[in-house]
Amino acid sequence: MINQIIQGILLGGLYAMFAIGLSLSVGVMRFVNIAHGDLIVLVSFLLLTLTSRLGLPVIVATAIVVPITFVGGYLLQRLLLQRVLKRSNNVLAIVLVTFGLSVIIQYSLQGIYGADTRLLSGGGIQTATIVLGGGINIGVLPLTIFIAAVALVSALDLLLYRTRLGARIRAVSDDTGSANLIGLPSAHIYAVAMGIVGITIAICAAFMSVWTNFDPTSGPSRLLVAFEAVVLGGLGSLWGTLAGGIIVGVAQSIGAHFDAGWQLLAGHLVFLVVFLIRPQGLFPK
Amino acid sequence: MTSPANQTPLLAVEGLSVFYDQFRAVDGIDLSVSAGEVVSIIGANGAGKSSLLKAIIGQADRIEGTIRYEGGDLAGHTTAEIAAKGIALVPEGRRLFPSLSVDENLYLGWEVGRRGEIGFDQVFDYFPVLKERRRQKARELSGGQQQMVALGRALLANPKLLLCDEISLGLAPLIIDQLYRLLPAIKQRGVGILVVEQDISRSLAVADRFYCLLEGKVTLASRPSETSRDIVMKHYFGL
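Top line first, the protein sequences correspond to chains A and B.
Per our numbering, residue 1 is the first one in the first sequence, and the count goes up by one each step.
Per our numbering, residue 286 is the first one in the second sequence, and the count goes up by one each step.
Some residues of chain B that are not near chain A, with every Cβ distance over 12 Å (derived): (1) Ser302; (2) Asn330; (3) Glu349; (4) Glu402; (5) Phe405; (6) Ser453; (7) Ile461; (8) Gln463; (9) Arg474; (10) Asp493.
Taking CB as the label site, the calculated pair distances span: (11) A:Leu158 - B:Lys422: 15 to 25 Å; (12) A:Leu96 - B:Asp493: 48 to 58 Å; (13) B:Lys422 - A:Val273: 26 to 36 Å; (14) B:Gly401 - A:Leu80: 32 to 42 Å; (15) A:Leu79 - B:Phe308: 28 to 38 Å; (16) A:Leu92 - B:Ser486: 42 to 52 Å; (17) B:Asp410 - A:Arg164: 17 to 27 Å.
Please keep in mind that the hints were generated in silico from the structure rather than gathered at the bench.
Backbone N, C-alpha and C fix where the C-beta goes; we use that ideal spot for every residue, glycine too.
For reference, chain A alone in the conformation it holds in the complex (with noise of 0.2 Å):
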């Protein structure tokens, strides 16, 4: 049992990597973007191109898509959310526009890539473990993956509650009206925001292929895990997503324990408990 919460806890670091930045466009922009579980894919083969066709290593090809994911990031925000934000008050314009935007890149990779499973190399570190003992062992990449999740929440709290743009970036997320009213440009603010979620969703797109099947049409899923995640958390807390994704990784961990069937039941249903008894989430802000 100590061995599947261990396993558990690793498995709640990628769940982190999802939902970071889910996290802060739901806790900082303040809307939920359907899309952000099929952009990790569309990184995944993004990567999987640059390392199958041009062979480079995994961490090579981050570095080259990080840049690409913030600027992405950025020109999403500019030119399409922020514009439907602007014109509707409305929360259901914004759901529905990502909802768009979830549909066209799951069909668009479809055409592309064909419907494969895929998964990414990563040389040795996939079967690389370290033997604790007593039955225990840990793979050296879900113990990489989880010390960047670790790091990847330290650096964004950081960034957010340490730093100039942290404070614009709030200033805005607190009260677009007044942010424009002494001049802070809240639409770049925004769009940079959207540009480090960018960043976020490329490092864990690195993780997950090396790790995770994925296929075209991995995102919906890996949403939803990553939705869990934040609400259990409580929305705008960079560390309380990070427990979320613990929580649901070990109660997945445990489920499959008693039956492989009962891996993805036992999280959803441990996340619906949680809901239920602490419906503001473990960490609100």
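Add chain B to chain A, keeping to what the hints say.
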């Protein structure tokens, strides 16, 4: 057109109309503010006072007429550019960033503004209580303290033209006195101040000149010393 700098008013508004959709909130007004002068705009609710200020900082939907600042037309400039040129607004209802600390709120004002001599020390000198509370979130302050932060945020932008929108709204008389006592000191620095206020006596007590607005038009432009309360009230209500 050449004219000596000291004869050009800091702000010159000519034939300004401000529209919201089809509604004309401001209807062809002319007004000016010089450096080191306090000018009051008085008028009832809906007279167009706030719309005028929004137009000056470039946040109105659509305007006609010209707004000149230091002789240059502000048309086509973004609010960020206008703020950097030295126009700062204390918005109606304070409009602080509630989850940000006092320091962070103030710093944002400094960041968007013009570089100049007013720094944090000066603001904390004006409002000592803010220094004690600089790490607190803006939402945890009293209304009066929040108004001090809003005024401090605008001052840190080192404005040449300070726009104050209803700074007395919802505050205790003692606090309002404290805030209004500062305006002469700020004016002494050569700052032009445009005060929008519903409280007529408070507003006229501090003003060098005033304009009375009614339904988007200027009904009276004068000096407090050259007019009587009766005349002002007549134009205020349009009797």
